[in-house]
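Engineer: Sequence:
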Amino acid sequence: MRVTVVDDSVIVREGLRRLLESEGHHVVDTLAHPGTVAAAVAERTPDAVVLDIRMPPTFTDEGLHTAAALRREHPGLAVLVLSQHAVPEYATRLLDGGARATGYLLKDRILEPWQLSQTLARLAEGGCVVDPDVVGDLLATRRNTDRLSCLTEREHDVLRLMAEGLSDKGIAQRLFVSANTVGTHVQRIFRKLDLPDGVEDNRRVLAVLALLQAR
Numbered sequence: 001m002r003v004t005v006v007d008d009s010v011i012v013r014e015g016l017r018r019l020l021e022s023e024g025h026h027v028v029d030t031l032a033h034p035g036t037v038a039a040a041v042a043e044r045t046p047d048a049v050v051l052d053i054r055m056p057p058t059f060t061d062e063g064l065h066t067a068a069a070l071r072r073e074h075p076g077l078a079v080l081v082l083s084q085h086a087v088p089e090y091a092t093r094l095l096d097g098g099a100r101a102t103g104y105l106l107k108d109r110i111l112e113p114w115q116l117s118q119t120l121a122r123l124a125e126g127g128c129v130v131d132p133d134v135v136g137d138l139l140a141t142r143r144n145t146d147r148l149s150c151l152t153e154r155e156h157d158v159l160r161l162m163a164e165g166l167s168d169k170g171i172a173q174r175l176f177v178s179a180n181t182v183g184t185h186v187q188r189i190f191r192k193l194d195l196p197d198g199v200e201d202n203r204r205v206l207a208v209l210a211l212l213q214a215r
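The opening residue of the sequence shown carries number 1 in the numbering used here; numbering runs sequentially from there.
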């Protein structure tokens, strides 16, 4: 996979580059300023962009604005935003315009090269990945909302792992149940959240959006 890395810290940029290259990815650019991203992506045409949230000039939410612009200009591009802290509001804003091929992950979550590579692979397939800590915070504060209150405890567990980007098989391994059982829970979640019929991956993304947008 061709990847562009954006972070104002040279240590982080080089660390991510080495992690990605150790997994066989080709890092086409390492950029320090969000203002250079649009032109670089247009020229290099990467498959994915990995970027920090807090970058120059204000060190607040430049990464979110950059991610939104990239998704508008390059709908098929996988975008992974990395954050130092679990901020549910950031995840909600990032995915507000759609969750397809988009991820929000804590930097501390990346302990091994394969974790970053696996996340990018999920995004490249059109999936959505939200950090487990953020998902946990969202469920803790929103599980009693009208949209989510219809779900059982087990269905909440499945939705949480779905938001982390896990497949039915991956969810089954985490919950120590069969993939068929997970599939049944997933279909019930789709039905209870009144998600339209369509491609399975799209419905999974819509389910994650339902979690993020619940009030």
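Since the hints were made in silico from the structure, they are not lab data.
A couple of the hints might just be wrong.
Pair by pair, the computed Cβ-Cβ distance ranges are [to be verified]:
| id | residue 1 | residue 2 | range |
| --- | --- | --- | --- |
| 1 | I11 | T58 | 30 to 40 Å |
| 2 | A140 | G24 | 34 to 44 Å |
| 3 | G183 | G35 | 21 to 31 Å |
| 4 | L106 | R188 | 27 to 37 Å |
| 5 | A124 | D96 | 36 to 46 Å |
| 6 | E89 | A38 | 21 to 31 Å |
| 7 | A179 | Q115 | 31 to 41 Å |
| 8 | G35 | C150 | 40 to 50 Å |
| 9 | T60 | L111 | 23 to 33 Å |
This structure is a prediction, so every number in the text was calculated from the model and none was measured.
Where a beta carbon is used, it is the ideal one built from N, C-alpha and C, also for glycine.
Engineer: Please go over all the hints and tell whether each is borne out by the structure.
Structural biologist: Results for each hint:
For the pair I11 and T58, the beta carbons lie near 21 Å from each other, so the given range of 30 to 40 Å is not met. For A140 paired with G24, a C-beta distance near 38 Å keeps the hint of 34 to 44 Å intact. Separation of G183 from G35 is about 45 Å and departs from the stated range, judged on CB atoms against 21 to 31 Å. In this structure the hint that L106 and R188 lie 27 to 37 Å apart at CB holds, the actual value being about 30 Å.
Taking 36 to 46 Å as the suggested C-beta distance range, the pair A124 and D96 does not conform, at roughly 21 Å. A beta carbon spacing of about 25 Å between E89 and A38 agrees with the range 21 to 31 Å that was offered as a hint. For the pair A179 and Q115, the beta carbons lie near 22 Å from each other, so the given range of 31 to 41 Å is not met. Between G35 and C150 the C-beta distance comes to about 45 Å, which sits within the given range of 40 to 50 Å.
The hinted range of 23 to 33 Å is satisfied by T60 and L111, whose Cβ atoms lie roughly 27 Å apart.
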